[in-house]
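**Q** Each chain is listed here by its residues.
Protein chains: 2
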Amino acid sequence: MTQAEIKFVKSLSQKKFRDSSGLFIVEGEKLVAEALASRFTLERVYRREEIGETAMARISALSSPSPALALVRKPADLLQDNLPSTGLFLALDGIRDPGNLGTILRIADWFGISAVYASPDTVDLFNPKVVQATMGAIFRVRFHYTDIPVLCTSALQAGGQVYGTFLDGTRIYDRPLSDGSKAPSVIVIGNEANGISPEVAACVSERLFIPPYPADDPGSESLNAAVATAITVAEFRRR
Amino acid sequence: MTQAEIKFVKSLSQKKFRDSSGLFIVEGEKLVAEALASRFTLERVYRREEIGETAMARISALSSPSPALALVRKPADLLQDNLPSTGLFLALDGIRDPGNLGTILRIADWFGISAVYASPDTVDLFNPKVVQATMGAIFRVRFHYTDIPVLCTSALQAGGQVYGTFLDGTRIYDRPLSDGSKAPSVIVIGNEANGISPEVAACVSERLFIPPYPADDPGSESLNAAVATAITVAEFRRR
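Going line by line, the protein sequences match chains C and Z.
First residue of the first sequence? That's 0 in numbering that gives the first Met the number 0, and the numbers climb one at a time after it.
First residue of the second sequence? That's 0 in numbering that gives the first Met the number 0, and the numbers climb one at a time after it.
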């Protein structure tokens, strides 16, 4: 492995180099196997037994370098800005933490979310920490960056609902939750520190609330964004 | 701030120095305020306006150093190994990721969990990344390292239940879930990679399962440990 090659792989930890090359890093034997089995194109796979322990440690972003690392081509964007006429969707309004975004994709995968949309200020999907945290869901969940207020408005115009959680919302257990089988249902997830932005909040048709216990005394002020996503989505899929 | 002082504060990112000094680091204006308002003892608070930007950057573990950092005394262990006769408890069986442990404490805080118990191989509660991820829940949730099989056995002997999630468990929505008001209820959370260990699984009286959607086709193989905790605990508190 040449110095230039090592430098190139390392550069892919930065968004600008992922954007210019169209490639991102997938690390770990299991994740590389999932990439190989997916519709994604693998440009190159580096294996420890070929390139040696030292080179592997240099290109790896993990504290214990794994036996395999792949350069994977970012897929052409398969989703349109137009919302499909039915389905249950997530709309991420400025998720910044890579671990949260990866975990949210894993939740979307488990609960059969039709597609995940994210505001342009959401962390990059191909950030290595996001890719790792998805545990492979990145190869299965449809994902698209778009303008969230526009998306939500079109859901409402199509006769659908836009849901969001707020501290002054109605208990999620007391409201009918549409799974999007007749018109699009969008669940908005707010930023970790600031919650749902005012522009997006203006499009929310159902303000929900995950009740703490005891009901009048939450210890914390809030739940982690991925945790709130999990509880909300599980409730939509509860039978 | 002397070089020796800087070196001492930085040493507290390692467990052995937290153990020998009995101190841990709390960083961020909001978290330091929560520590001040809590039953914890603050040994020292460093503020940017006092020690200067350079010293703050050196002692901070954050990429953007915050205006305040406190050295807080680890509390004397208030919990006994003996399980109380009633209550809803979490038992962590080898949680390794600091973000997951912090998030689980935040969930426990929101949902009024009586106490969180953890196996000795669980990540250290006072690890700076755990402290940050708790968002202050560390100052409110009762936490204790103990032998989890012994704890679970004593819950069963007291007429309580031990719950755990397994891929071959029964749908969580189809089982009665006791909130521990008459006898202790323990919810076991497994390790991120390996799930619940055989020794702990042997004490589980109710094997549960969080159903994916569609029911016969989970995209992912599993949910993140903190996400599974959130959905399970929310279901126990659902009214």
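Each hint should be verified, as a subset may be incorrect.
[What the hints assert, rightly or not] Covered stretches of chain C, going by a simulated chain Z footprint (3 or more residues, C-beta under 8 Å):
#1 108 to 116
#2 133 to 146
#3 220 to 231
[Unchecked claim] Taking beta-carbon pairs under 8 Å as the criterion, some of the chain C residues facing chain Z (in silico):
#4 R46
#5 R47
#6 P97
#7 G168
#8 T169
#9 P175
#10 F208
#11 Y212
#12 R237
Calculated directly from the structure, the hints in this document are not laboratory data.
A virtual CB, placed ideally from N, CA and C, is assigned to each residue, including glycine.
**Q** Hint by hint, note whether the structure agrees.
**A** Here is what the structure says about each hint:
1. 108 to 116: holds (count 4)
2. 133 to 146: holds (count 5)
3. 220 to 231: Per the Cβ count (8), the hint holds.
4. R46: It is violated, given that the least Cβ distance between R46(C) and chain Z is near 21 Å, above 8 Å.
5. R47: violated, 20 Å
6. P97: violated, 11 Å
7. G168: violated, 15 Å
8. T169: With a minimum Cβ separation of about 14 Å from chain Z (threshold 8 Å), the hint on T169(C) is violated.
9. P175: P175(C) check fails; min Cβ-Cβ to chain Z is 16 Å, beyond 8 Å.
10. F208: Because about 12 Å separates F208(C) from the closest Cβ in chain Z, which is outside the 8 Å limit, the hint is violated.
11. Y212: Constraint on Y212(C) satisfied, holds at 4 Å.
12. R237: holds, 6 Å
Taken one by one, the earlier hints fail for this structure at numbers 4, 5, 6, 7, 8, 9 and 10, listed in ascending order.
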